[in-house]
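Number of protein chains: 2
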Amino acid sequence: MEANGYDGLLRELGVDLTLHRDLVRYNRDIHRRTFGSVRNRPASMRWFDDAVEASHGGRVAEIAAYRKAGGRSIGTFCIYVPEEIALAAGVLPIPLCGGTNWSVDYADRMFPRDICPLIRSTFGMAFSNTCPYKKLHDGVVGETTCDAKKKAWDLLGFQVMEVPQKKGDLDHALWLSEVRQFLKYVEGLSGVAVTPERLRECIILANRRRATLQRINGFRRLPEPPISGLDALLVSQVALNQDIPAFLAACEELIHELERRVQRGISAYQGPGPRVLLAGTPSPMGNAKVHYALESSGLRVVADESCTGIRYYRDLVDESAEDLDGMIEAIADRYMSIDCSCFSPNTERVEHVLRMIKEYGAEGVVHNILSFCHTYNVESKVIDRALAAVHVPSLKIVTDYSFEDLEQLKVRVESFGELLCARSAETVAAS
Amino acid sequence: MEANGYDGLLRELGVDLTLHRDLVRYNRDIHRRTFGSVRNRPASMRWFDDAVEASHGGRVAEIAAYRKAGGRSIGTFCIYVPEEIALAAGVLPIPLCGGTNWSVDYADRMFPRDICPLIRSTFGMAFSNTCPYKKLHDGVVGETTCDAKKKAWDLLGFQVMEVPQKKGDLDHALWLSEVRQFLKYVEGLSGVAVTPERLRECIILANRRRATLQRINGFRRLPEPPISGLDALLVSQVALNQDIPAFLAACEELIHELERRVQRGISAYQGPGPRVLLAGTPSPMGNAKVHYALESSGLRVVADESCTGIRYYRDLVDESAEDLDGMIEAIADRYMSIDCSCFSPNTERVEHVLRMIKEYGAEGVVHNILSFCHTYNVESKVIDRALAAVHVPSLKIVTDYSFEDLEQLKVRVESFGELLCARSAETVAAS
Numbered sequence: 001m002e003a004n005g006y007d008g009l010l011r012e013l014g015v016d017l018t019l020h021r022d023l024v025r026y027n028r029d030i031h032r033r034t035f036g037s038v039r040n041r042p043a044s045m046r047w048f049d050d051a052v053e054a055s056h057g058g059r060v061a062e063i064a065a066y067r068k069a070g071g072r073s074i075g076t077f078c079i080y081v082p083e084e085i086a087l088a089a090g091v092l093p094i095p096l097c098g099g100t101n102w103s104v105d106y107a108d109r110m111f112p113r114d115i116c117p118l119i120r121s122t123f124g125m126a127f128s129n130t131c132p133y134k135k136l137h138d139g140v141v142g143e144t145t146c147d148a149k150k151k152a153w154d155l156l157g158f159q160v161m162e163v164p165q166k167k168g169d170l171d172h173a174l175w176l177s178e179v180r181q182f183l184k185y186v187e188g189l190s191g192v193a194v195t196p197e198r199l200r201e202c203i204i205l206a207n208r209r210r211a212t213l214q215r216i217n218g219f220r221r222l223p224e225p226p227i228s229g230l231d232a233l234l235v236s237q238v239a240l241n242q243d244i245p246a247f248l249a250a251c252e253e254l255i256h257e258l259e260r261r262v263q264r265g266i267s268a269y270q271g272p273g274p275r276v277l278l279a280g281t282p283s284p285m286g287n288a289k290v291h292y293a294l295e296s297s298g299l300r301v302v303a304d305e306s307c308t309g310i311r312y313y314r315d316l317v318d319e320s321a322e323d324l325d326g327m328i329e330a331i332a333d334r335y336m337s338i339d340c341s342c343f344s345p346n347t348e349r350v351e352h353v354l355r356m357i358k359e360y361g362a363e364g365v366v367h368n369i370l371s372f373c374h375t376y377n378v379e380s381k382v383i384d385r386a387l388a389a390v391h392v393p394s395l396k397i398v399t400d401y402s403f404e405d406l407e408q409l410k411v412r413v414e415s416f417g418e419l420l421c422a423r424s425a426e427t428v429a430a431s
Numbered sequence: 001m002e003a004n005g006y007d008g009l010l011r012e013l014g015v016d017l018t019l020h021r022d023l024v025r026y027n028r029d030i031h032r033r034t035f036g037s038v039r040n041r042p043a044s045m046r047w048f049d050d051a052v053e054a055s056h057g058g059r060v061a062e063i064a065a066y067r068k069a070g071g072r073s074i075g076t077f078c079i080y081v082p083e084e085i086a087l088a089a090g091v092l093p094i095p096l097c098g099g100t101n102w103s104v105d106y107a108d109r110m111f112p113r114d115i116c117p118l119i120r121s122t123f124g125m126a127f128s129n130t131c132p133y134k135k136l137h138d139g140v141v142g143e144t145t146c147d148a149k150k151k152a153w154d155l156l157g158f159q160v161m162e163v164p165q166k167k168g169d170l171d172h173a174l175w176l177s178e179v180r181q182f183l184k185y186v187e188g189l190s191g192v193a194v195t196p197e198r199l200r201e202c203i204i205l206a207n208r209r210r211a212t213l214q215r216i217n218g219f220r221r222l223p224e225p226p227i228s229g230l231d232a233l234l235v236s237q238v239a240l241n242q243d244i245p246a247f248l249a250a251c252e253e254l255i256h257e258l259e260r261r262v263q264r265g266i267s268a269y270q271g272p273g274p275r276v277l278l279a280g281t282p283s284p285m286g287n288a289k290v291h292y293a294l295e296s297s298g299l300r301v302v303a304d305e306s307c308t309g310i311r312y313y314r315d316l317v318d319e320s321a322e323d324l325d326g327m328i329e330a331i332a333d334r335y336m337s338i339d340c341s342c343f344s345p346n347t348e349r350v351e352h353v354l355r356m357i358k359e360y361g362a363e364g365v366v367h368n369i370l371s372f373c374h375t376y377n378v379e380s381k382v383i384d385r386a387l388a389a390v391h392v393p394s395l396k397i398v399t400d401y402s403f404e405d406l407e408q409l410k411v412r413v414e415s416f417g418e419l420l421c422a423r424s425a426e427t428v429a430a431s
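Heads up: the sequence lines are chains A and B, in that order. Take the first sequence: its position 196, counting from 1, is numbered 196 in the numbering used here, and each next residue is one higher. Take the second sequence: its position 152, counting from 1, is numbered 152 in the numbering used here, and each next residue is one higher.
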């Protein structure tokens, strides 16, 4: 029995078919349990469901065919790796971040158990020979955004981009130099020199993807969002591992549907519920656990302050540069503006959270912290101080990908939801 | 009842006397249990025992008097903060790293439980008002060597020195700029401009401290070391929080005694035992658990590859610079040569470990990893690869400051010791 019709290709790619079948089955179950719980989904979300399924089949075949035709690709883990530059050199970036709990324990061959599930999931797939992308790249580019990843790259001999830890002038210069080296690296892989014309096209293309995500997420600001937090996450999860024009076309269809829904007063949510901003670590494809815990408990996740949320699409690259150097600088500037918790201090993030609360009408903040992620965990305290000053309550969830603690989480989430409802009722009574 | 005769002063410094008494009692018990287990100690180790005791009494009084007389001081946590520069500006650096398990849980007010015990111990003392140094400084200078510390500094509003993550030209430039800013910072605190003459004196003084530690640790290379690993650790722990001339004088006395012991064939160890290099995270004052677990199980810790070991004293600052700029550059260079696991890649550390194995005649390596220290934990795998190539076995210990797992550790350590003895017997048989 073929799991998804791509057994021949997967075998060729060194995938352990028996284990892979089990992985795909596990992922389908989780997908059905989480995203399948959304009632009244936009019909055009179907494409995004299919894209998740395709990430272990059709998309693999696409990339394999692209590579057979001479195309080059790299694996990446972080939104700090400048996609515009890779694309302009004819190198396709493939995001490798793992979101499945299935593979977490397979990471034990090399990694400690007390590092974040994202890293363990990713390398668990590689070590168990279930990652279909393992042989579909010419190199892997990591970065220094956290201790565990930084040292993982050393251990595995990957390329490493140094993301600085402050945002001073020399930090900008250092990062610009890293971006330039990355350009040389991808040019070296493909043998294609990056031209200003091609780079401009790629800047515009990547900006379109970000702007499209802004538009979709903009609908979540409405009093009755036509798209749920779960579905908005799904769109973001799919964004980075799809042919960009195909992704944009599917998004346009979704946007039309969302517009129609707004006109007709159709909400993604069945009953009323408090609006929360989810802040912190990313939820890569395969993991929607905290979104699910929140929305299945009657809360509305109206904004994602994460790398699978606004951190990826908040800022566009300035398109006005005329020459290659100017474009590279604009790209470096844009990436340095990301408010990752790797920076010290990270005051921009505090300001962004406060602004998002207003823009999305959030009544509370839920910190979503992957286990053992020190930076977002400690930084949640900094955020909480700012929230206390504006009287916005928060709940901190520290968890991994396992569903073992789901019911415990839901108890906490429901209490938090009640607190938000009570506050909202007080506000109404007082006005 | 006064715990140590300094109650009046401690009260003045805002110390909670009841809790502090409990802390001191706890620390004494641990000191007796660990260092007190060493048989046949050099008589001159007494001074170092007293120095530990004085760290909660006499030394506090010294620093308080120094400050009352107008002296300035800063708290530090890491050997990356250039002590020569602080001293040259008339600012005394006080190392604040906590090594006591007593205070660990008091850190919960701000910090996650799953960060390293060193950070939790340090801030647990601050939050429980048992750290006598809390009010004895004009500022605190942290650095970016790990995620948890970096974000802790943000949360607490400390000065932060950016230690880069690679060792390229721009990284060196960035670090030099940080060192220059640090100089401005300490000059600002004291109002004393750093002169070349004074800086040279302080470079020489700090170099003397490092060279003295080199000499003491050099005795551990001998087939029968006249000083145990535990006692050598104690010397290092005391080194940074003592008046330097007094420390150097005590060290000279110890060195004389060690020389006499060597002449008379007196070993610090009673029976034979395998020689191991202890590699990884530091053991700040109050924590000698892993050294104790090893040496009380019959192993000989003959070298410390840590920040409370060779990482502090391996490299001296080049003393040949003529002007201030040259001295600052020499200082920056020397600190950048430290092989902290915060660097990517950290190949120097691998080379250093291999060299130390030869120099100290180590038969095996024990990785000493503080719980949740991602960088040293993951990097131990990189080290292990290099060790496998030269057929040196290793044991990884991941633990905190608690003695709860001591017996478990000892079981593992004893097995490792047996393995080393068996290998040594084989080598003898084969030769």
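Read the hints as simulated data drawn from the structure, not as lab findings. Be aware that one or more of the hints could be misleading.
If chains are identical, the list can't say which one is meant, so a pair holds when it fits in one copy or spans any two.
Unchecked claim - Below, in silico cross-link-like pairs of lysine-lysine (DSS-like), each with a Cα-Cα straight-line distance of 25 Å or less:
#	residue 1	residue 2
1	K396	K68
2	K167	K184
3	K68	K381
4	K135	K381
5	K134	K381
6	K381	K184
7	K166	K410
8	K410	K167
9	K167	K68
10	K166	K381
Structure-based check of each hint:
1. K396 / K68: Neither way: K396 and K68 sit 47 Å apart in one copy and 44 Å across, limit 25 Å.
2. K167 / K184: Answer is both; intra-copy 24 Å and inter-copy 19 Å each pass.
3. K68 / K381: Neither: 49 Å inside a chain and 35 Å across chains, both beyond 25 Å.
4. K135 / K381: For K135 and K381, the Cα distance is within 25 Å only across copies (24 Å; inside one copy 41 Å).
5. K134 / K381: between (38 Å within a copy, 21 Å between copies)
6. K381 / K184: neither (40 Å within a copy, 30 Å between copies)
7. K166 / K410: neither (37 Å within a copy, 43 Å between copies)
8. K410 / K167: Cα proximity of K410 and K167: none, with 38 Å in one copy and 46 Å across.
9. K167 / K68: Classified as neither; 41 Å inside a copy, 38 Å across copies.
10. K166 / K381: within (19 Å within a copy, 29 Å between copies)
Checked against the numbered hints given earlier, the structure breaks hints 1, 3, 6, 7, 8 and 9 and satisfies all the rest.
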